[in-house]
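Trainee: Protein chains in written order, with this note's numbering: chain Y, 757 to 1018; chain D, 71 to 392.
You may find that some hints are simply not true.
Said to hold, decoys possible - Facing chain D, from chain Y, some residues (calculated, C-beta under 7 Å):
#1 I1006
#2 Y1007
#3 C1008
#4 A1009
#5 S1010
#6 A1014
Hint data in this document are derived by calculation from the structure and do not stem from the laboratory. For glycine and all other residues, C-beta sits at the position ideal for the given N, C-alpha and C.
What follows is the residue order along each chain.
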Amino acid sequence: MLVIGERINGMFKDVGKAIADKERGVIQKLAKDQVAQGAGMLDVNVGPAAADAVEAMKWLVEVIQEVTDTPLALDSTKPEVIEAGLKLVKKKALINSTTAKKEKLDSLLPMAKQYKAGLIGLTMGESGIPRDRHQRSEFAARIVSACMEAQVPLEDLYLDPIILPVNVAQAQAQEVLESIREFKLLSDPSPKTVVGLSNISQGTKSRSLINRTFLVMAAVCGLDAAIADPLDKELMDGLITAELILNKHIYCASFLDARRKK
Amino acid sequence: MPMELVKEKWSNTINTVTIGATKEEGGTRTSKITVGGEPSLPYLFGEGGMPNKPVIAMEVLDVEPKDWPQVLKEPFKDVLSNPAQWAKKCVDQYKAELICLRLQGTHPDFGNLSADKAASTVKSILDAVGVPLIVLGSGNDEKDSLVLPKCSEAAKGQRCLFGDATEDNYKTLTASCLADGHNIIGESPIDINIAKQVNILISDMGFDLTKIVINTTIGALGYGLEYAYSIMERARLAALLGDKMLSMPFVCFVGQEAWRAKEAKGLESEHPEWGPQAQRGPIWEATTAVLVLLSGADILIMRHPKAVEMVRGTIERLIKKG
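Given the sequences, and given the hints that come with them, work out the whole structure.
Mentor: So this is what it looks like as structure tokens:
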């Protein structure tokens, strides 16, 4: 599973402060640490507080790329902020994200095509957050057909069924797990699937445990990618073990080490 | 409608390992051998095939072999008591590209020769031939831990291939190879999990993964070779899918296994219906060799010159098809 490191996000206090004060070291350490712990991609989000979001995105991308070649997921609700990042990336990036709303698709799909970037599609539309798996599939199908029309390869599309906090909408977690399976049937080649993992445990007292358990369950459903915290060692151990049991890699006594050295 | 062949695209390539260091590289070898580097399953030339052809190392013992059948001793009868001359004959007469010295005589049960004696044998072979050298212990862990470091030191800078490191006995040999610039063989008993573990253990000591060759062990034709085949195939598939801990070239001890089979060593007088042993034995060895080639073997350790000749021809034909 592709782990997209979530830590470079202005919503975290240390990152918000680093962006405001231009502390390169803080960002670069987070980038290197996340890659060392298994992140295959790094999410980059300037956060809500950045004074000039476009400039902050450019600065972050440059600062991160000074220390790693790991691809970046450019995370913003503003297309111009994403595009500022796309212009600077050295490796194929991931746009985070579009929804099934027409104006979002109209502005982000051409961008994905022009910059040959991947794209996360949140399965939500005008009516807001989906209420069940059927509505998720409906939005997903809309995003898939928009990609086909815009000639964005479906292998580059990551559909996000949208996780809701388990303490708020307990019945939704199971709907999300079913959707991960169902999205795969939408097209051939199948679109990929992604979740923003930490949302499952938002507001709970046992965040790491809930994240870890959900990620293992989602792995069984065939989840391709997760935006998550690779610095949570137990989370990564759980994922590696789940993938071992799913026969994704060959067992040996030091299988955790082996996977980390990969 | 023309059929289009389905081509597999793999995410990883097998490591390339070079054995032997020339004068420019600080050794005294006149040639070197590079194996591995496969970007696909073996001999699928459309998918990348075999950038380096498999090689045959001829086996030389440090003492006169007691348990070899007469037909196997026959080609070497004039040199069996002199490892350097034996190696030279393999290179000059039988065109060996690589020599594999097995220090059987150091085993407590087979002569218990000293580490110093073994080191001088290594030196004498390095002086007698210019091809790269593989050096194996006797398989007695305790004695190998004394013998192999001395031999490693004696061959310092020659970039030999030393073996075998096992799950229970890898530290001394790994440290020696690290210090003296050699490659190493990681051995596992037809067990892919242990194969991977040995590589991790070796690499945890700071040893470069691209200097490891793996011996997943085989059986002779008729003696469980299909198990060996499956392990090699599974390791190769995992490697091509991205498992760096299994991305090593294979070494296969073909001669050792084939000549243990009764079909190879059985006397004509006992099995007249099996035909002349002078043909039967080499054919058994060659057939075993070809089968492991097809499962991805990169280095074959062989014994009988006739078998070597047959397999060399097969390799040439296999490679030419690409």
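Trainee: Indicate, hint by hint, whether the structure satisfies it.
Mentor: Now for the hints, and whether the structure bears them out:
{"no.": "1", "hint": "I1006", "result": "holds, 5 Å"}
{"no.": "2", "hint": "Y1007", "result": "holds, 5 Å"}
{"no.": "3", "hint": "C1008", "result": "holds, 4 Å"}
{"no.": "4", "hint": "A1009", "result": "holds, 5 Å"}
{"no.": "5", "hint": "S1010", "result": "holds, 5 Å"}
{"no.": "6", "hint": "A1014", "result": "holds, 5 Å"}
Violation of the numbered hints given earlier is absent; every hint is satisfied by the structure.
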